[in-house]
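Participant: One-letter residues, chain by chain:
Number of protein chains: 2
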Amino acid sequence: MKPWANSGLGRDLHLDLTASGSLSRGLRARLVSALRESIRSGRLGADTTLPASRTLAVDLGIARNTVAEAYAELVAEGWLTARQGSGTRVADRTGEPPHRPRPHITSSLPSSSPTPALSLVPGSPDVGEFPRTAWLASARRALTAAPNEAFGHGDPRGRIELRRALAEYLSRARGVRADPEQIVVSASSGHGLWLLARSLEGTFAVEGYGLHLHRELLHDADVVTTPMELDTLGAQPPDISGRHLSAALLTPAHQFPMGGPLHPSRRTAFVEWARTTGGIVIEDDYDGEFRYDRQPVGALQGLAPDQVVYLGTATKTLSPAIRVGWMVMPEHLIDGILAVKGIYERWVSATDQLTLADFIESGAFDRHIRRMRTSYRRRRDALVATLAERAPHVKVTGIAAGLHAVLELPAGTESATVDRATALGVEVMGLSTFRHPDAVENQVDGLVVGYSTPSSARFEATINALCQALPAP
Amino acid sequence: MKPWANSGLGRDLHLDLTASGSLSRGLRARLVSALRESIRSGRLGADTTLPASRTLAVDLGIARNTVAEAYAELVAEGWLTARQGSGTRVADRTGEPPHRPRPHITSSLPSSSPTPALSLVPGSPDVGEFPRTAWLASARRALTAAPNEAFGHGDPRGRIELRRALAEYLSRARGVRADPEQIVVSASSGHGLWLLARSLEGTFAVEGYGLHLHRELLHDADVVTTPMELDTLGAQPPDISGRHLSAALLTPAHQFPMGGPLHPSRRTAFVEWARTTGGIVIEDDYDGEFRYDRQPVGALQGLAPDQVVYLGTATKTLSPAIRVGWMVMPEHLIDGILAVKGIYERWVSATDQLTLADFIESGAFDRHIRRMRTSYRRRRDALVATLAERAPHVKVTGIAAGLHAVLELPAGTESATVDRATALGVEVMGLSTFRHPDAVENQVDGLVVGYSTPSSARFEATINALCQALPAP
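Protein chains in written order, with my numbering: chain S, 1 to 473; chain R, 1001 to 1473.
Isolated chain S (complex conformation) (with noise of 0.2 angstroms):
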């Protein structure tokens, strides 16, 4: 069998000819026949472009005007049209009964665009404010400059680049002691924890109110959660002499979802905790970047790196289209977790990564953040400006930083209050979605409410939504 001689030009187009009829016949014979099959079965659809006749004939072994002759004909049975400029295509043949259908399924799918008109569900930075520009000028310049080997398979900790930027971002904006060699890039906070929860097994102490889908993750990955309870001051660490945890889930910079700070006492305490008992610390830093007044809330894993795992994300400052995380690890943690998660770099684009290293490094991050805190600083404002004049029986609470506030309810009414939004086009989610199911602390009904996610030209719009659906005084 002779090698393939094909062009470095042109499109590939797969037609298998020894399968299209008895080979005595002749050559154009079966390539017109395979053609066909393969708009008639819906293979090749509507507008696809075919290959140039002298590309196909080169890929075929066959002479060019064989195949010229064979489009020739399928021109005049009107499956393929050709124009002068734009190739051949395949027709579009829309009206006729097709050969075989074509399944299409839209039945019981989530829709392509999951986001509803008007959303306050919260986890989201406002989209409209990704910056392209900037983000397009970071990644010609890092993959202009990258290594060659920056396009093989990674080392599993992550693109070097990215990890150097992150540790002299985190230590200095964030507080975190972080040094190059303790960081392993995630795909997100969900991924890491994910590795964390298939490399410590066992059963996690979580927050009796915390992020539902990080509760279903850890089901996932057969880990057993137990809730801790929240007070004033923010989540109880575990009993010491109780019996062993280990890790706990923390969201020390602004509880998710009820949006205070963990006291420096409690902080402390888990610390001591940790130490005590062995258990790690899972410090979750989700939207600790937004923080609208001066008191510094700096990373708990600042206080003890040897107990504390370092969660981060560029979801809430970037885009949940970064699919970009980051764990500061301690030393004996690492290996685990590298084992976890393969000796192949899984699932973390390199060239977001090398993107991300330059945005970094080059000040457009800072830059970005800072301006976003501006910004939302607004919206906090505007959302609880607008709540005092329409809605003053109602407290809303959690707003020192973040993304989110708690607009707290009479008992009772916060189903109704959310059917009420949906009906009026917003989705809003009610504070008992993210209760643990044995949480032991009373029953708070109210709304977690995303001011981040509506656009800008929606932002008024949602919050009168959201104002006419809260319960009467």
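Rather than coming from a laboratory, the hints here were simulated on the basis of the structure. Please read all numbers here as calculations on a predicted model, not as lab measurements. Positions of the beta carbon are idealized from the N, C-alpha and C atoms, including for glycine. Some hints could be false.
Here are some chain S residues the structure puts well away from chain R; computed CB gaps all over 10 angstroms [claimed, not checked]:
#, residue
1, G26
2, R43
3, A76
4, G152
5, A167
6, D231
7, R243
8, G412
9, T422
10, G425
11, R435
12, F459
With the C-beta cut set under 7 angstroms, the calculated list includes, among others, these residues of chain R facing chain S [to be verified]:
#, residue
13, G1128
14, N1148
15, G1152
16, P1320
17, D1352
Take the given structure of chain S and dock chain R to it, following the hints.
Facilitator: Just chain R now, with coordinates in the frame of chain S:
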């Protein structure tokens, strides 16, 4: 507490003035002390740029002069350096004993550059040929044109732009019956296989020789694997009357690592097995784009789209750095996969997805593949010619397609040959690495030579070193 009136410019710096001694001390003294301690502890490393004094003053809510004086004091003490134009930075105090040495972890971890000097490990394209310019052009077009919602939480099936582009490409070039609604974007073939394992569970039949990483991944997902015997026609289908298997994992276009195509009679037999038992065929089309003769080997999926899951990846065609793979799914399996994948777009970069969609639709993907096909065919021919001259007693097989060849060795010589190659600086893998521990067929001694892995500059030296390592006739 007043809102934080920070400007939109500058850099963040975390400092806790309340922790820096008694509040009765002057502000400047507390600022100096907090900064000095941050540098002494190593949190702020050498060369870290500090915010401009104006920025830090606004952030901390203190007078600009106070910050300027504190900076000046620390410059005088040697903790900081100040240069016109480059701002205030942490001084490089190398040589002084640090207050708290930073951990440096090097011992048991893989090094940052996992590829040794010379490598013939299969599974990597020539990373020096990554089409940086064309990729960046696609990124620019795609990110500029993308709707805002592209930067939010995505559809768990993946971006519609990419699923449309893939449906056209896979139908045309690989003979897949693909509709965008049936495609689920994953982070890699491995990610896709992991999702299938978590969704289907049970026991999977795998080829007696196959990718060890896939076996490890299935094991990690709690799936048991049982080997199928390979003969000259390819894998033998499982016994229809035997115990139930959830799935059979195959490499039909180019058996990995042996290198032959699955015989048409076996293709039919596997489809028959799936139809009879309800098992799923998983088609790993890991390098189907690279075939060097005119025998077309289209996707098995085209024969039985309701029984076959087709897995593809950008790893071999573009780069392992692009963490994008795709699954073409039978309709009845999609809900199960999406339930495992999670309601958020888990772990696939939307920027890479959008860029790849443009890369395919603009024709750059076809052009790149055709160019690389020519380049790899030349490498293959050079490998075969060199071996024919220098080691005519070594049989080379599996070379009609793909990016690797199998070198058959005399019985009992494989391990020593791999060791000799290592001593000569060439990493190469023996066939035994890929053998299932329960495989029944006779063990074959051989090498799996990934000839796409070396850089062009090192290709000849690598092949020469390989020849030196081969056993004498």
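Participant: The structure should be examined with respect to each hint, and the outcome stated for every one.
Facilitator: Hints and how they fare:
1. G26: 17 angstroms, holds
2. R43: At about 5 angstroms from chain R, S:R43 fails to clear the 10 angstroms cut-off, so the statement is violated.
3. A76: For S:A76, whose nearest Cβ neighbour in chain R is about 22 angstroms away, the distance exceeds 10 angstroms, so it holds.
4. G152: Nearest chain R Cβ is 4 angstroms from S:G152, so the label is violated.
5. A167: Since the minimum Cβ distance to chain R is about 8 angstroms, S:A167 lies within 10 angstroms and the statement is violated.
6. D231: 21 angstroms, holds
7. R243: 26 angstroms, holds
8. G412: Non-interface label on S:G412 holds, nearest chain R Cβ at 28 angstroms vs cutoff 10 angstroms.
9. T422: 17 angstroms, holds
10. G425: Holds: least Cβ distance 17 angstroms, greater than 10 angstroms.
11. R435: 19 angstroms, holds
12. F459: About 14 angstroms separates S:F459 from the closest Cβ of chain R, which puts it past 10 angstroms; holds.
13. G1128: 5 angstroms, holds
14. N1148: Hint holds; R:N1148 Cβ to chain S Cβ min 5 angstroms, cut 7 angstroms.
15. G1152: For R:G1152, the interface hint holds, since the closest Cβ of chain S sits about 4 angstroms away, which is under 7 angstroms.
16. P1320: Given a least distance of 5 angstroms, the restraint on R:P1320 holds.
17. D1352: 5 angstroms, holds
Hints 2, 4 and 5 from the list above are not met by this structure, while the remaining hints are.
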